[in-house]
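Residue numbers (the numbering used here), protein chains in the order written: chain A, 78 to 371; chain B, 12 to 442.
Read the hints as simulated data drawn from the structure, not as lab findings.
Predicted, not measured: the structure shown is a model, and the values here were computed from it.
Among the clues, some could well be false.
Partner residues aside, some chain B positions facing chain A, computed with beta carbon under 10 Å [claimed, not checked]:
{"id": "1", "residue": "Trp-85"}
{"id": "2", "residue": "Ala-92"}
{"id": "3", "residue": "Glu-264"}
{"id": "4", "residue": "Thr-265"}
{"id": "5", "residue": "Thr-408"}
{"id": "6", "residue": "Lys-416"}
{"id": "7", "residue": "Tyr-418"}
{"id": "8", "residue": "Ser-419"}
C-beta atoms are modelled at their ideal positions from N, C-alpha and C, and glycine is treated no differently.
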Amino acid sequence: MVKASKHAKSESMWAYIMVAPTIIGLLALNIYPLIDTIKLSFSKTLPFGLYELKGIQNYVQMFASPEFWRANMNTIYFCVLTVPIGIFLSLVVAVMLNTKIKGQTAFRAIFFLPMVVAPAAVAMVWKWMFNTEYGIINTILAHKVNWITDANIVMITCAIVAIWSAIGYDAVLLLSGLQNISKSYYEAASLDGATKMQQFFHITLPMVSPTLFVVLIMRLMASIKVYDLIYMMIEESNPALTSAQSLMYLFYRESYVTGNRGLGSSVVIWTVALIGLVTVVQFVGQKKWVNYEV
Amino acid sequence: MKKLKKATILSLVCILVALATGCSNGSADGKTHLTFQIWDVYQRDGMQAVCDAYTAQHPDVVVEVQVTSWNEYWTKLEAAAISNQMPDIFWMHTNEILKYADYGKIADLTDLYDEVGQPGFFQEHFSEISLSNVQGSDGRYYGVPKDKDTVGLVYNKEMFDAAKVPYPDETWTWDDLCDASQKIYDATGKYGYMAYGDDQLGYWNFVYQNGGCILSEDNITGGFDQQATIDAMRFYMDLQKNDWCPDQNYFAETAPGTAFFSEQGAMFFEGNWNILQEMNNYPNMQGKWDVAVLPKCPTPANGDGRATISNGLCYATSPTGKNYEIVKDLLRFMGSEEGQRVQGESGAAIPAYIGLEDTWVGVFDQFDYKLNVSCFTDMFEYGVQSVNNKYRPTWKTQVSDNLLKIYSGQQSFEDGMKAMQDAINNAALED
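Bound-form chain B, shown alone (with noise of 0.2 Å):
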């Protein structure tokens, strides 16, 4: 018995030890300690990579990438700033980056390269959308751009051959999208394409394929008002009426993702950086389908009827970290084309710095069957900025609810826009 408490004694002794270590930032090993938040699972792997690439040269430097799931990573890392606790290094999205920047949460990176003798560098490797996403409201950067990604369609090989109707291509009109759909619900009895209640993944595309808009161009007012918005909005809601697609109903319990994977439907539209997770969780469904751009909108109102959403991830810091100078120079080699390249190689995502598109791409020639992935990079041409000011966060969710009332009839289309409209100007009237 006496043994046996010693032992316990012992252990927790052992335990408050390597506590107390890892809490006090292990200088023991004389290296600098850094941790590196995300919240995706699936780049682990390709963070860790870039990260080591960096210490491969700087050995007295050691990151911990750490993984949160989305929905708790906001909480924690607003937690975080208040505590003035931030990690060294983390990823910040387009949704918050505004919030972050404007309270002065993260730091101002705008010159970044100048200081170590590269001014320019920013406009000369990334897009300008790639640098809108990084922008705070005064205009200024603040995280260096990691990636870029588009929307495309994905569709069922399968069930376009049973229906004998030719596979997506950039020839394709949203008409082709409905043809195909009726054809392959009359020969299999499966849906055609997919439309949901979804933003990025759904209405936005076919409202600036329309020359709509969901922000008008000061950024602060609604576009919801706007003809060219309205006709997308009801030609996209509309879908939903047609046997071939599902209603909401329907896709509250089974995301499209999940029917298109069990082989239930044909189509939809798909952001590149889940690509790489559904080659791999569905092995069986290899060879059986593939990728095409967004079709088109055969008549806009304005413009040549093209457009994706493109978002883009950054990463960014804290103005007010210890190792500021050390995060730095490990932002510079993560926005570098070394950095980028480790980045794109890994799978992890498409790299926004420009001209290393292909580095995603070829990612994908170890499956057996060659996707058409580059239909993703080709986007770029005609991407369009992942919609964002710095209301969204009061708008969004009211939103998401008219687009649900109209969906399930509690409201009209008519009334829905002008709510829709309404929710969007308000919030910038209330600030």
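So here's chain A without its partners, still in its complex pose (with noise of 0.2 Å):
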């Protein structure tokens, strides 16, 4: 091994400065939570922050409980609801606002508004939109649909707000990986006689790939993950709160009405892992269809 001169130790010691504060601040802010939540997984947590280790007994718990295999099964089923249509619908609102059309800053400005907004009120708003007696959508449909408060319905609910609230960010991500395509591509398609359509599934979509890669990685992340939305749309006294229940909706009423932040602890972890694997999965089959090559 080679002895660094004092001036590359002085040079990396600067380094570590520089970058400290990053690093400080993620030690402190999600590493250190991170160990902690493991530790409460396993143990029995008492009030005021007191606790016992003892084991595998939360999981153990968890497992055997119907509520989180329920909580499981609407999680997924969210994700299959917003997951594809709202990526599909992000797309296909990126590729409109990335032609030439009048008042394109407008429709870009408008599509992006819903994630200005915050999350509480845009929750506020649809609930008042789906109530069932005197909401505008009930009004329009001249049905009494329960919206909210059926079992069978109220995911879709939750999944159409989500996809409108999340359309504009992923579009102006996608636009972005839009605008990146080489307008030649087009200009040759088009003099070879590449269809419209061919010409968006052939140098399009490839092109895009990447971007949409990201976005998906990011949605599916963020739909396991969804909480603000179901607690803003879901009261405690709603009769379809067993069928709205997201795993991250689990974890705060173990954790913060019930007090049980041990198991709510292991539903955090299993929430983790399961991003995990599911990002992993991805990674793995994004060489099947993400085209790096420019």
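Assemble the dimeric complex from its two separately framed chains, guided by the hints.
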């Protein structure tokens, strides 16, 4: 090994000092809580931050609980509802926003607006629109659909709101991907007589696939972690609560309503594992469809 | 450009200085600064008035009232308790007091008045229910009773007139409640009594009126296996099967209070603590509605058929606060006749202090329409202490989940009652 020169040493010291704020933040705000959560998931928790290590008791209780499996199914159902449709619609919006239309900037702003509004406000407004008796949606449909309280519909309702909120953000990301595609491909294609549809499937889609992949991963993670939307839309007094309870909502109820932080932490650790698994599968799967050649 | 930079730095420094002095407990002015944490924004002025009355006599003390919403309040207070940074004084609720008391996070105030030569002050000036609401599991007092409340019947006079039904009074029974609801529904198409899945403002009242109970006498095992409880629960839950009562789906979207004040329903149960703000928030409704005592059970299994759930808050403090002696003096004032009178006259709540109930009633003289608010204070005579034991955080959600399952038909009534009973009993066993 070559001994580092004095200069190199001081340079590396400066490098450490420069990254220290980020590293310290990461350690204090992410790594330490993560370790603590793992510890709590193996403990019986008492009020005021006290706990006793108890082994896998929480996990045994969790896996034996029908409520937990129900929450898993609800979360997966939510992902199935939101991710494919949401990303498809975002792509459509992005492609449309990428064409030369009048008021392009205005449209971009409008689609991005839901992202700027606080999720709580979004949920409140939608909740009123979905109100069975007095909501605008049922008034237009002239039907009394129990959007929020019917156990079979409630997840679809939440999915609609989630998709609406996310389209703008995803579309802007995809739009940036679209704008990186060189115009010359399209010119060449149209000279060769390719239709718009063919251009989309053979040029746009492969070229935007890296961005699409990023959007897919982020959207799936966000959907597995869904909490605030459901918390705002579904009151504690809602009979459809068990059909809308996602994993994170279950975590909230266990940790903060019932006060059983140990079990709540197990749910979190399980969710982290689930997200990890899904992400690994995606990274393996991406080799088949994501095109990194320009 | 340079000027701008200078200005930025200067303002930053100012902010830092302001922050630093703000954190240093402000002894810069030589006064003792106390913080007082509450959760009800509508009572902020009332609480400030109580503190002002104290600081007028003790100019060396400054009290800052801080409001945190109910949902965040308990998360924040628990975090503060862990890090030993609790506010000097704070409100305590019966839902939580046992936990805080049992873990030594709130001070034992049993001897608060004995220390200043007023032994027996608590027993003399506060009712048994008020004192039960401040007791820890060991029976000692962990707070100074602040207020007491009852649940009453709120009704829409115009709908009663339209259906030609006499207004509710103290002779009313459950049967009258149903008859009136039916007639109002027939005459106006509006809902009658709105019975929804709530405990304190709903079925608890019916259960105790019928002579049943939620927790049996040992305060550990449940009462959902007793016939009187089961009958009352069945009566209450079946109310939603009538055309004149919305179902639980409706209430999940529209709170009964919202429905009432948008003139969709004729009656609902309301706690007295909400009445003042409802008068203020719905000025157009003033004169159209009034309040009455709860209807009684016509055929109680035992007792006289009368009951209303009576809860109460208290003022509490941490045993390790550095201003403990001054805080105790302020707490003594808050529990005194003067402190309680200021609270009552501010309209914040009915003072817990016996004999001052009318101060709260008098607040409603400010309105042109005279509500019959004294019915709330009349009901203390047969008030029942709010249901609570130290396992309630564990069984509370399970009981309400099962209630919802019965309402939505996912579970039969009998199975639901059994599940609720098991939830209460198992919570104690697990400990």
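Q. Can you name, in rising order, the numbers of the hints this structure does not satisfy?
A. none
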